[in-house]
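Q: Here are the chains, one letter per residue:
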Amino acid sequence: MADNTFKVSIITPERTFYEGEATMVEFNTVEGEIGVYPKHIPLTTVIAPGICTIHEAETEKKAAIHAGLATVMPDQVTLLAEIAEWPDEIDVDRARSAEDRARERLASKDENIDVLRAEIALKKALVRQDIKA
Amino acid sequence: MASMRDIKRRKQSVTSTQQITKAMKLVSTVKLQKARAKAEQTTPYFNAMYNTICGMLAKAGSVNNKYLSDNGSNKIGVIVISSNRGLAGGYNSNIVKMITGADMKPEDVKLYVIGHKGGESLTHKGYEVVKDYSPVMEAPTYPDAMVICEDVLEAYASGEIGQIYLVYTHFKNTVSQIPKLMKLLPAEIDEADVESAKTSNAEALMNFEPNEEEALELIIPKYVTSLVYGALVEAVASENGARMQAMDSATNNAEDIISDLSLKYNRARQGSITQELTEIIAGAEALS
Chain A
1 MADNTFKVSI ITPERTFYEG EATMVEFNTV EGEIGVYPKH IPLTTVIAPG ICTIHEAETE
61 KKAAIHAGLA TVMPDQVTLL AEIAEWPDEI DVDRARSAED RARERLASKD ENIDVLRAEI
121 ALKKALVRQD IKA
Chain B
1001 MASMRDIKRR KQSVTSTQQI TKAMKLVSTV KLQKARAKAE QTTPYFNAMY NTICGMLAKA
1061 GSVNNKYLSD NGSNKIGVIV ISSNRGLAGG YNSNIVKMIT GADMKPEDVK LYVIGHKGGE
1121 SLTHKGYEVV KDYSPVMEAP TYPDAMVICE DVLEAYASGE IGQIYLVYTH FKNTVSQIPK
1181 LMKLLPAEID EADVESAKTS NAEALMNFEP NEEEALELII PKYVTSLVYG ALVEAVASEN
1241 GARMQAMDSA TNNAEDIISD LSLKYNRARQ GSITQELTEI IAGAEALS
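Sequence order for the protein chains is A and B. Heads up: the first sequence begins at 1 in the working numbering, then just goes up one per residue. Heads up: the second sequence begins at 1001 in the working numbering, then just goes up one per residue.
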């Protein structure tokens, strides 16, 4: 293994989503966006909906990751994602209608609305559209 | 002795039953292979999740977390995973026995059932079914598990239930499926695993963002969800394994019955021929 790369794996409950060598990964956590280079201090953090960018030696890959947790080790990053999608797996129309629905729910003053859930749905919809744009 | 026609009719009906059981066996074999592949894919996720939890507990020590300590309610929430269809041997009744045989009073138990069969027989036995997610069993996905866990964890957080158990069938291999009763919350993590995480250097240096307690609170529901999802996919594999076995032995039994009936039929045929012959000879003798 070269000095400036490390192992990145993204695992979802349904499959091993990505596995490979990368020079850097960026993703969004509940505390804000972070970028991780090799030899990072060990860190466990909770993932928030966002775009995960994997910088490989020459190329970079983007994926939408919606929830889960990340374990960072000096030579390895493991993202346990509950939902992860490549851009070509995303249905923009569906994301757009999900966005509308979530906005509607947030706008209505109904007390039965689970605001937190609607907000998360909205974030997911926005991330999905973002990555396609 | 039954008449030749009766035996023939019986044989035909057993043959058509055998055709059905044979077809069902083939179908469940295919489904089993698919379900098994799916179950195997969840293992890495679950293992990584378990290691993280152990690491966190090793670092955090005995934190005061609502998911780790008793909340005082004596009601027990049980997530029961059975199947929607029967003809799977003892698959569903084993699940039901796990609950009736456990040390729980029916009036203290609140059931969250997945699968009609288990739900029906448990309602019959006087257990209270809070919610039924049976359609999930057709093709369980992770979001399904998230929905179930959300409901159960909400009941736990509000103090409605004090413990959460999970009953499912562990898929050991194609011929052996073991019903299991597992405690989900308050979470029980194997002490030995926590100790080994403590001693490994990397884990000892682990940092958490947000801090351990908040992170635990966010991660434990995910851990529970991953367990439930794992149990769902394993249960699908087990169901098909159990059905495959049940149908295999049904096909074999039908084979036995058919060969037995063939023997009887041939004997009856032989008997009737002999009888006819004796009658003809007796008739001929009487004439001469």
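These are calculated hints, taken from the structure and not from any lab test. Being a predicted model, the structure only gives us computed values, none of them experimental. Do not rely on the hints blindly, as some may be mistaken.
Partner residues aside, some chain B positions facing chain A, computed with beta carbon under 10 Å [to be verified]:
#1 D1132
#2 Y1133
#3 P1135
Derived lysine to any residue pairs resembling SDA-like cross-links, with alpha carbons at most 20 Å apart [claimed, not checked]:
#4 A:K7 <-> A:Q76
#5 A:K39 <-> A:I83
#6 B:K1031 <-> B:P1221
#7 A:K39 <-> B:E1255
#8 B:K1034 <-> A:T16
#9 B:K1031 <-> B:S1158
#10 A:K39 <-> B:G1090
#11 B:K1066 <-> A:V46
#12 B:K1034 <-> A:E19
#13 A:K7 <-> B:V1175
#14 A:K123 <-> B:V1147
#15 A:K61 <-> A:R101
#16 B:K1038 <-> A:K61
#17 B:K1066 <-> B:K1264
#18 B:K1075 <-> B:L1218
#19 B:K1038 <-> A:E19
#20 B:K1038 <-> A:T53
#21 A:K7 <-> A:G35
#22 B:K1031 <-> A:I83
#23 B:K1172 <-> B:G1090
#24 B:K1264 <-> B:D1248
#25 B:K1022 <-> B:E1255
#26 B:K1066 <-> B:P1221
#27 B:K1172 <-> B:T1251
#28 B:K1008 <-> B:I1020
#29 A:K7 <-> B:E1255
#30 B:K1031 <-> A:D88
#31 A:K39 <-> B:K1022
#32 B:K1038 <-> A:K39
#33 B:K1038 <-> A:F17
#34 A:K123 <-> B:L1218
#35 B:K1038 <-> A:K7
#36 B:K1034 <-> A:E14
#37 B:K1034 <-> A:D88
#38 B:K1031 <-> B:K1066
#39 B:K1038 <-> A:G35
#40 B:K1097 <-> B:L1181
Glycine included, C-beta positions come from ideal geometry on N, C-alpha and C.
Q: A separate judgement is required for each hint: does it hold in the structure or not?
A: Here's how the hints hold up against the structure:
no.: 1; hint: D1132; result: 21 Å, violated
no.: 2; hint: Y1133; result: 17 Å, violated
no.: 3; hint: P1135; result: 19 Å, violated
no.: 4; hint: A:K7 <-> A:Q76; result: 5 Å, holds
no.: 5; hint: A:K39 <-> A:I83; result: 27 Å, violated
no.: 6; hint: B:K1031 <-> B:P1221; result: 30 Å, violated
no.: 7; hint: A:K39 <-> B:E1255; result: 66 Å, violated
no.: 8; hint: B:K1034 <-> A:T16; result: 17 Å, holds
no.: 9; hint: B:K1031 <-> B:S1158; result: 39 Å, violated
no.: 10; hint: A:K39 <-> B:G1090; result: 53 Å, violated
no.: 11; hint: B:K1066 <-> A:V46; result: 18 Å, holds
no.: 12; hint: B:K1034 <-> A:E19; result: 23 Å, violated
no.: 13; hint: A:K7 <-> B:V1175; result: 38 Å, violated
no.: 14; hint: A:K123 <-> B:V1147; result: 18 Å, holds
no.: 15; hint: A:K61 <-> A:R101; result: 30 Å, violated
no.: 16; hint: B:K1038 <-> A:K61; result: 26 Å, violated
no.: 17; hint: B:K1066 <-> B:K1264; result: 70 Å, violated
no.: 18; hint: B:K1075 <-> B:L1218; result: 24 Å, violated
no.: 19; hint: B:K1038 <-> A:E19; result: 18 Å, holds
no.: 20; hint: B:K1038 <-> A:T53; result: 27 Å, violated
no.: 21; hint: A:K7 <-> A:G35; result: 15 Å, holds
no.: 22; hint: B:K1031 <-> A:I83; result: 25 Å, violated
no.: 23; hint: B:K1172 <-> B:G1090; result: 16 Å, holds
no.: 24; hint: B:K1264 <-> B:D1248; result: 25 Å, violated
no.: 25; hint: B:K1022 <-> B:E1255; result: 11 Å, holds
no.: 26; hint: B:K1066 <-> B:P1221; result: 11 Å, holds
no.: 27; hint: B:K1172 <-> B:T1251; result: 24 Å, violated
no.: 28; hint: B:K1008 <-> B:I1020; result: 19 Å, holds
no.: 29; hint: A:K7 <-> B:E1255; result: 56 Å, violated
no.: 30; hint: B:K1031 <-> A:D88; result: 29 Å, violated
no.: 31; hint: A:K39 <-> B:K1022; result: 58 Å, violated
no.: 32; hint: B:K1038 <-> A:K39; result: 34 Å, violated
no.: 33; hint: B:K1038 <-> A:F17; result: 14 Å, holds
no.: 34; hint: A:K123 <-> B:L1218; result: 18 Å, holds
no.: 35; hint: B:K1038 <-> A:K7; result: 25 Å, violated
no.: 36; hint: B:K1034 <-> A:E14; result: 13 Å, holds
no.: 37; hint: B:K1034 <-> A:D88; result: 25 Å, violated
no.: 38; hint: B:K1031 <-> B:K1066; result: 40 Å, violated
no.: 39; hint: B:K1038 <-> A:G35; result: 32 Å, violated
no.: 40; hint: B:K1097 <-> B:L1181; result: 11 Å, holds
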